[in-house]
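> The chain contents come next:
Protein chains: 4
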Amino acid sequence: MSPEACTLSFKDLEKHSSADDCWIAVHSKIYDVTDFLDLHPGGGGIILRYAGKDATAAYDEIHAQGILEETLSSDNFKGLLDQSEVVILPEEQKKDIDKIEKTRGQSTSTENYTKPDLFKLISTHDFEDVAEKTLTTKAWAFYSSAATDLVTHHANSNFYRRIMLRPRVMRNVTDANTQRSILGCTSTAPFFVAPAAMARLAHPDGECAIARGCASEGLIQCISNNASYPLASIVESGTSTQAFFLQLYVNADRPKTTQLLHKARSLGIKAIFVTVDAHVPGKREADERIASENVASAISGSVAGNDKKGGGMGRLMGQYVDKTLSWEDIPWIQETSRLPIVVKGIQSAADAKTAVSYGVKGIMLSNHGGRALDTSQPAILTLLELHRICPEVFDKVEVYLDGGITRGSDILKALCLGATAVGIGRPYLYSLCYGQEGVEHLSQILKDELETSMRLAGITNVDQSHPGLVNTSDLDYLVPNVEEHPWIKWRPKAKM
Amino acid sequence: MSPEACTLSFKDLEKHSSADDCWIAVHSKIYDVTDFLDLHPGGGGIILRYAGKDATAAYDEIHAQGILEETLSSDNFKGLLDQSEVVILPEEQKKDIDKIEKTRGQSTSTENYTKPDLFKLISTHDFEDVAEKTLTTKAWAFYSSAATDLVTHHANSNFYRRIMLRPRVMRNVTDANTQRSILGCTSTAPFFVAPAAMARLAHPDGECAIARGCASEGLIQCISNNASYPLASIVESGTSTQAFFLQLYVNADRPKTTQLLHKARSLGIKAIFVTVDAHVPGKREADERIASENVASAISGSVAGNDKKGGGMGRLMGQYVDKTLSWEDIPWIQETSRLPIVVKGIQSAADAKTAVSYGVKGIMLSNHGGRALDTSQPAILTLLELHRICPEVFDKVEVYLDGGITRGSDILKALCLGATAVGIGRPYLYSLCYGQEGVEHLSQILKDELETSMRLAGITNVDQSHPGLVNTSDLDYLVPNVEEHPWIKWRPKAKM
Amino acid sequence: MSPEACTLSFKDLEKHSSADDCWIAVHSKIYDVTDFLDLHPGGGGIILRYAGKDATAAYDEIHAQGILEETLSSDNFKGLLDQSEVVILPEEQKKDIDKIEKTRGQSTSTENYTKPDLFKLISTHDFEDVAEKTLTTKAWAFYSSAATDLVTHHANSNFYRRIMLRPRVMRNVTDANTQRSILGCTSTAPFFVAPAAMARLAHPDGECAIARGCASEGLIQCISNNASYPLASIVESGTSTQAFFLQLYVNADRPKTTQLLHKARSLGIKAIFVTVDAHVPGKREADERIASENVASAISGSVAGNDKKGGGMGRLMGQYVDKTLSWEDIPWIQETSRLPIVVKGIQSAADAKTAVSYGVKGIMLSNHGGRALDTSQPAILTLLELHRICPEVFDKVEVYLDGGITRGSDILKALCLGATAVGIGRPYLYSLCYGQEGVEHLSQILKDELETSMRLAGITNVDQSHPGLVNTSDLDYLVPNVEEHPWIKWRPKAKM
Amino acid sequence: MSPEACTLSFKDLEKHSSADDCWIAVHSKIYDVTDFLDLHPGGGGIILRYAGKDATAAYDEIHAQGILEETLSSDNFKGLLDQSEVVILPEEQKKDIDKIEKTRGQSTSTENYTKPDLFKLISTHDFEDVAEKTLTTKAWAFYSSAATDLVTHHANSNFYRRIMLRPRVMRNVTDANTQRSILGCTSTAPFFVAPAAMARLAHPDGECAIARGCASEGLIQCISNNASYPLASIVESGTSTQAFFLQLYVNADRPKTTQLLHKARSLGIKAIFVTVDAHVPGKREADERIASENVASAISGSVAGNDKKGGGMGRLMGQYVDKTLSWEDIPWIQETSRLPIVVKGIQSAADAKTAVSYGVKGIMLSNHGGRALDTSQPAILTLLELHRICPEVFDKVEVYLDGGITRGSDILKALCLGATAVGIGRPYLYSLCYGQEGVEHLSQILKDELETSMRLAGITNVDQSHPGLVNTSDLDYLVPNVEEHPWIKWRPKAKM
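Protein chains in written order, with UniProt numbering: chain H, 1 to 496; chain S, 1 to 496; chain P, 1 to 496; chain E, 1 to 496.
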């Protein structure tokens with residue numbers, strides 16, 4: 001990026017306001033983004049709304065500063081915006097900024113709601129409640145939404161409620177040890193931060209605050225491929241001994257993925273979690289409704305060329321993901337990264353076996369938090385399916401799961417049923433309403449609940465978790481016994 | 001119809017206002033309908049309300065213009081209403097017209113409700129919501145109502161929610177093909193518009209708007225036997241290459257059915273869907289309550305002779321249906337129509353087998369949208385029953401089903417379980433609140449949801465749908481294994 | 001009763017206002033009821049509230065005139081109340097009368113509620129709704145209440161919803177015949193009016209209105225042992241060819257039962273339904289709460305000696321029932337009545353077999369409308385239990401059931417599962433809000449629903465009902481297979 | 001405690017207001033509690049709030065007078081507070097006292113709520129309702145709260161609703177005998193008062209009122225280890241022939257337990273119920289939220305050193321419990337007490353067998369009222385599990401259970417399934433809103449309901465209860481068949 005940039009006026013900027021010639025200003029720097037419109041993971045339409053304008057507020061809401069300069073070449077930099085000009089924001093944009101501020105925690109008493117002191121929060125549900133009341137409508141919709149009718153979303157947590165515990169009493173439970181090794185990395189607890197995109201929507205420090213919180217709590221963070229900070233910034237926010245995993249969406253533009261994997265290796269990332277359950281975006285209606293509102297305002301405004309179909313933040317973000325991804329790509333990812341590979345998004349015993357046959361180090365049972373395909377079965381049910389159909393998998397790879405885990409007792413149940421660890425996603429995003437401190441407080445709550453559950457169940461070490469401590473009878477009838485349908489034979493359509 | 005009709009005054013008309021001598025005016029033409037009272041599918045009572053009066057508004061609400069002249073002979077035409085006379089509508093009738101206008105979409109902002117822009121609707125539920133708020137009370141009651149306690153109506157959709165999907169991951173899903181052949185006709189998707197009566201209640205273009213929407217979307221329309229437009233008008237609304245099916249209620253007056261089948265054949269209709277699950281009208285209480293209100297006003301008014309029992313629009317419309325219809329009539333229908341026959345309304349394996357034995361080309365599993373016999377089992381359960389008792393049926397005929405399908409994932413499940421296609425009924429009626437555009441938008445939503453579901457499940461062609469992708473465990477215990485009751489022996493009453 | 005009675009003043013009456021010397025006036029006649037206090041089925045406390053006073057209003061609410069003179073001897077008659085005296089009712093009593101009038105249908109527009117025209121009622125639920133809004137609080141509580149937590153009460157109807165129908169289509173269903181023979185008596189439909197006490201609470205004509213309604217509808221009435229009219233009055237309200245059954249609570253004072261049975265025989269009653277599931281009163285809390293209010297006012301008033309425990313109308317009424325009743329009493333009842341005996345209240349296969357072994361003609365599966373022992377199993381489940389454990393019962397006796405039947409489809413299901421007929425209780429009490437006409441209208445609704453259900457299920461005669469038309473899978477797992485507990489052995493407490 | 005105490009001024013007291021030098025006044029006596037801060041079962045923080053102040057009100061809310069002098073040595077007594085000084089209560093403390101008064105029943109008409117007359121209460125639910133409306137927020141939270149998501153709390157009672165009764169009819173049920181022997185002690189009914197802490201929160205007479213109520217009702221009280229009155233005071237409140245049991249939490253300071261057991265024996269206690277399901281405190285969020293409010297006010301006030309984590313009353317109270325307790329301690333408890341031992345808190349067949357092998361006299365199936373580990377299985381399910389896995393246990397020890405029992409029919413079901421007796425906990429705390437009379441009235445209600453249920457089920461003596469009277473089919477699929485998981489093998493984590 002050339003340092004000797006010329007100074008441009010606001011009027012200069014306004015001349016480049018079409019899809020064929022599109023400049024925007026971000027933090028007083030002016031960029032030509034015409035060629036980038038088609039490449040933007042979030043779609044070109046959203047950028048066009050700011051063609052010829054200052055896009056700083058909208059940009060900051062989602063991206064950290066480094067990312068822009070990482071993405072564009074120096075040729076795109078056109079100059080500095082004249083600082084003497086008063087930037088007059090359109091009314092709508094001002095409101096956006098207000099909303100962003102609202103989410104940033106500086107002021108917590110907007111609209112008669114006072115964000116409670118952190119120490120008063122005693123469960124993940126409390127964090128969710130605060131998030132719903134303090135995040136912008138857009139951020140809340142993006143974080144909390146799930147696919148279509150929310151059947152899987154609700155089943156994800158309800159299925160844990162349907163597993164009963166069978167505590168053993170009269171054991172000496174003075175000390176309780178929750179420490180566990182995950183892919184060879186030591187964690188103070190059998191859970192890690194699951195990858196979740198765009199943490200900046202909740203707090204300006206975004207993923208970096210999570211990294212610092214994990215450092216002080218001795219936990220592992222699996223960084224989202226759609227993080228709002230550059231990977232290096234996040235890793236450097238932590239300590240030198242801290243372990244990180246990286247989530248990977250394989251990019252349709254493969255060299256970008258190669259570049260990312262090399263960077264991951266150079267930064268000391270410990271494993272790659274290849275996400276395979278969201279190669280096409282799920283239909284998250286709460287998210288999409290926000291988008292259709294935006295489209296409406298875009299249409300009624302002067303910016304032309306916007307896509308009439310809309311599409312939520314999630315749908316837009318997924319556009320770069322490679323839909324051709326298949327098992328044959330695993331060796332390439334292994335070779336490129338030279339890191340342990342975990343396949344995240346396994347939803348059947350059949351695929352678990354396939355994954356194992358490709359030599360991955362772990363599999364993560366997940367339905368993407370109910371955000372991809374509604375009515376797909378909860379991960380805890382897939383865990384049971386593995387025991388029915390391919391129990392040997394547990395001896396060959398580490399098995400993780402996520403989705404709907406809100407309590408220490410949920411974690412204990414997953415461990416009893418053979419999981420090495422679980423991922424916690426949305427709760428950590430919600431905890432960011434309090435920044436790093438929120439991340440730490442949430443971690444302590446989950447550890448405390450897990451410890452209490454272990455002691456009350458009669459064990460003192462996570463390694464003592466065993467299936468005899470859980471009663472899964474209320475789910476057993478739902479567990480598939482075979483890879484295909486248990487009693488319906490496939491009869492391909494004959495030509496009639 | 002004699003062109004040289006005399007002109008009659010309003011007073012002339014008023015003289016014929018009894019059941020024995022009943023004239024009405026429709027669009028300034030005066031007809032003697034005395035002999036037609038008993039033949040009116042909707043019952044004579046409703047006509048008698050307008051004896052000696054102008055019935056235009058009430059007529060238009062339900063019928064298209066052609067139908068009246070098709071039905072009556074030229075002898076019934078008595079003259080033209082004197083145009084110089086000012087027609088003074090009774091207060092009640094004016095309100096009726098207001099309500100009709102309300103449904104026609106011209107004005108969408110009545111009573112503080114603004115009908116949203118079409119592109120903001122993103123699911124079938126959105127269409128239902130708009131319909132509830134914009135249709136007349138009567139039309140909403142007729143479309144949305146279902147039998148007695150709504151048990152079947154709710155089970156129809158809930159049973160789809162209870163089937164879980166078991167997606168396979170890491171498949172190349174770049175292209176998704178939803179095209180399917182239905183009775184030899186190509187459809188861009190494995191669903192068609194199920195027959196649903198009286199579309200004019202929602203939009204003045206009624207079934208013709210559906211026909212045009214299907215044309216542009218490449219879908220097949222199964223035209224209702226109780227359509228508000230003449231069959232020819234509907235077929236001619238579409239394109240010459242477009243495929244139509246026709247629903248058939250066999251008329252107690254068989255020659256009428258013969259005439260209809262000949263007309264269908266001459267119009268190029270591709271198949272006849274004989275409806276067999278509503279030979280007597282179900283008890284749809286929401287619909288009947290509207291009717292009892294009407295009876296109340298009739299009784300308190302001056303028109304005598306109305307049936308005290310009332311009966312909803314559905315009950316009245318069903319009066320002409322032949323209750324003697326039995327399997328022995330199938331050959332007659334086949335011979336008369338010389339078209340492929342589908343039996344619509346199969347609810348048991350026993351009847352599926354019988355239908356196959358009569359050489360029909362398809363069977364449609366249906367409980368008439370929960371509108372006929374409450375607590376009858378959902379079609380998706382009957383589909384499972386077929387696999388248990390007579391799986392060979394799937395090799396011999398095409399199997400369709402309808403009722404409660406609101407999501408692309410519902411369609412995918414039906415296909416995985418062996419259905420060739422599904423019918424979508426009420427949602428298309430609701431989509432008519434936006435006319436042809438609504439039909440198209442709804443079709444796009446369903447295709448988009450189906451495509452997304454297919455890709456997320458790991459398939460790219462509807463022919464790849466297979467039972468291993470669904471987990472039906474939550475319904476399996478409900479599936480009958482045998483034609484009769486599995487463990488109770490029939491003990492006919494002995495004389496005691 | 002001496003005709004030459006003396007005239008007594010209100011002051012004379014007031015002198016006898018204690019438990020040791022208690023006179024009351026009813027319809028201007030003064031009675032000494034001191035000795036009767038302990039014998040009153042409703043307990044002495046309620047009479048004592050009117051000691052030395054005019055009890056006409058309270059008496060009329062529950063009893064028909066004949067009953068008092070039938071019960072007391074002529075010695076108890078003390079004279080006529082001086083008609084010249086103005087009877088000044090205490091305020092509370094006036095309100096009682098107002099409430100009674102409210103229930104009597106003369107005025108239906110109290111408190112902004114207008115009782116709808118009868119023809120607008122289209123289901124049993126509509127009758128229940130009207131009853132709730134027009135009956136006195138006390139009457140509604142007595143009729144609608146059920147034992148403790150209402151688990152059985154709700155299960156009674158829900159279990160019918162959980163049975164699915166499997167209609168057979170394409171049958172000629174022109175004519176539908178609902179006629180059935182019940183204990184040799186012809187009924188136009190396979191249901192009868194189940195015994196339900198104190199119909200006068202709903203209408204002054206009480207059970208007589210039911211009798212007349214049954215006459216015109218061709219249905220059988222099973223008269224309650226606690227009817228508010230004398231048996232003879234009820235029977236005489238009908239026609240000479242009409243069939244009646246009589247419910248029997250065996251009285252702890254056996255000669256009274258002997259007398260009743262002889263009377264029944266002389267009146268041409270066709271069968272005796274011995275009630276065996278309510279030998280001690282159930283705890284119907286809604287009913288008891290009304291009672292505790294009454295006790296409260298009694299205590300705060302001047303009348304002493306009232307029972308602090310209260311007890312609802314039902315509990316009081318049950319006091320005369322013989323708690324020693326056992327199977328050994330059946331032969332005595334048979335010999336005394338020389339009529340066919342039905343045991344009403346069978347709740348297990350074990351007792352069904354016992355009943356058969358005693359030579360009864362029918363058994364009625366019943367949990368007393370959920371009013372006796374909460375969480376006892378619904379009759380429809382016991383019906384299934386009989387098929388599992390002792391199907392031969394169906395060949396030996398007629399089987400009836402009641403409780404929770406509100407739809408024609410419920411009746412059809414019971415028939416398919418082997419019942420000869422069902423009893424309808426509460427709905428008929430509710431229908432009395434419209435007197436005899438209500439009884440007829442309700443009967444027509446039920447017949448119409450049954451006919452519609454039969455036709456839509458593909459049958460035309462109740463004798464064609466068979467188990468293959470119902471899917472009971474959702475209840476099958478609840479059906480006991482053996483008389484005792486299927487897998488728990490009884491281990492009587494050893495002395496420890 | 002030295003009688004010749006000096007008189008100290010309020011100012012003298014104020015000088016000792018730190019954690020290192022902490023005096024408080026209780027009922028005009030001044031104590032040095034510095035060394036006791038760490039030993040206080042409720043934690044030192046709560047005492048520090050009153051350091052240098054008069055703590056009488058807060059003390060009285062929870063403790064009876066005797067307990068303080070029993071706990072401290074005479075050295076701790078520092079003198080009498082000068083009575084001439086006017087004690088000026090801080091505002092907050094005054095409100096606390098108001099709230100306490102509110103709970104004491106003297107005034108029942110605060111805030112528009114009039115506590116109903118006792119005789120109007122007819123079920124345990126009525127008592128709960130009154131308690132919710134009259135107890136302080138703190139007391140209600142402590143009594144009514146349960147662990148985390150309340151899953152077990154609700155299942156505890158719902159599981160009883162899911163067991164159906166199968167009454168046998170036509171039995172002579174004139175007399176019903178509910179008497180039962182519990183550990184050799186005669187009880188008028190097969191239930192006893194389960195141990196529940198701090199009864200003074202509901203009534204100033206606390207556990208003594210329960211003792212007197214049990215005396216007049218012929219019931220056994222199992223006294224809580226955390227009673228608000230000294231053991232001797234409670235025992236002496238009753239009659240000399242009355243039987244008591246004592247709950248035991250083994251103290252980490254074992255000599256205290258020794259002392260307690262010796263005292264129990266000397267007072268004639270009949271059995272020791274060792275509580276084993278709450279060795280670490282459960283997370284009762286409603287309770288903890290109250291605590292976090294208190295912490296908030298403490299932090300914003302001047303008292304330093306409070307624990308930021310808070311912790312509800314229950315969590316604080318549990319701090320002294322010995323977490324090392326194991327089966328090996330049973331012989332020591334047996335020898336020390338020389339009384340029959342019951343292990344309370346068994347939740348699996350495995351532990352039931354172990355308990356029997358240690359020679360205990362009874363086991364109590366319990367999940368601590370849903371207050372310990374959420375989603376642990378209800379006791380009634382564990383009772384069924386015992387029948388599946390180790391039915392011989394019923395021949396060797398008496399089996400009790402508690403949790404969620406609110407009806408006489410619940411008690412009957414437990415008896416039918418082999419329980420000797422059940423414990424009733426929260427309802428008795430709630431009944432204390434009416435003191436001793438409330439305890440008696442509640443007992444009568446439960447006995448009456450049990451008697452009614454027995455008679456309606458066809459039995460007249462609790463010894464006739466047998467499994468054939470209950471239908472457990474709706475729970476059977478949830479009952480574990482084996483000690484370990486029925487189909488999942490434990491695969492300990494291999495090092496990978």
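One or more hints might be untrue.
Treat identical chains as interchangeable: a pair holds within one or across any two.
Cross-link-like lysine-lysine pairs, in silico, DSSO-like; alpha carbons within 30 Å at most [to be verified]:
1) K29 with K353
2) K396 with K493
3) K120 with K53
4) K270 with K29
Simulated from the structure, these hints should not be mistaken for lab results.
These numbers come from a predicted model, not from an experiment.
> Which of the numbered hints are not met once you compare them with the structure shown?
1, 4
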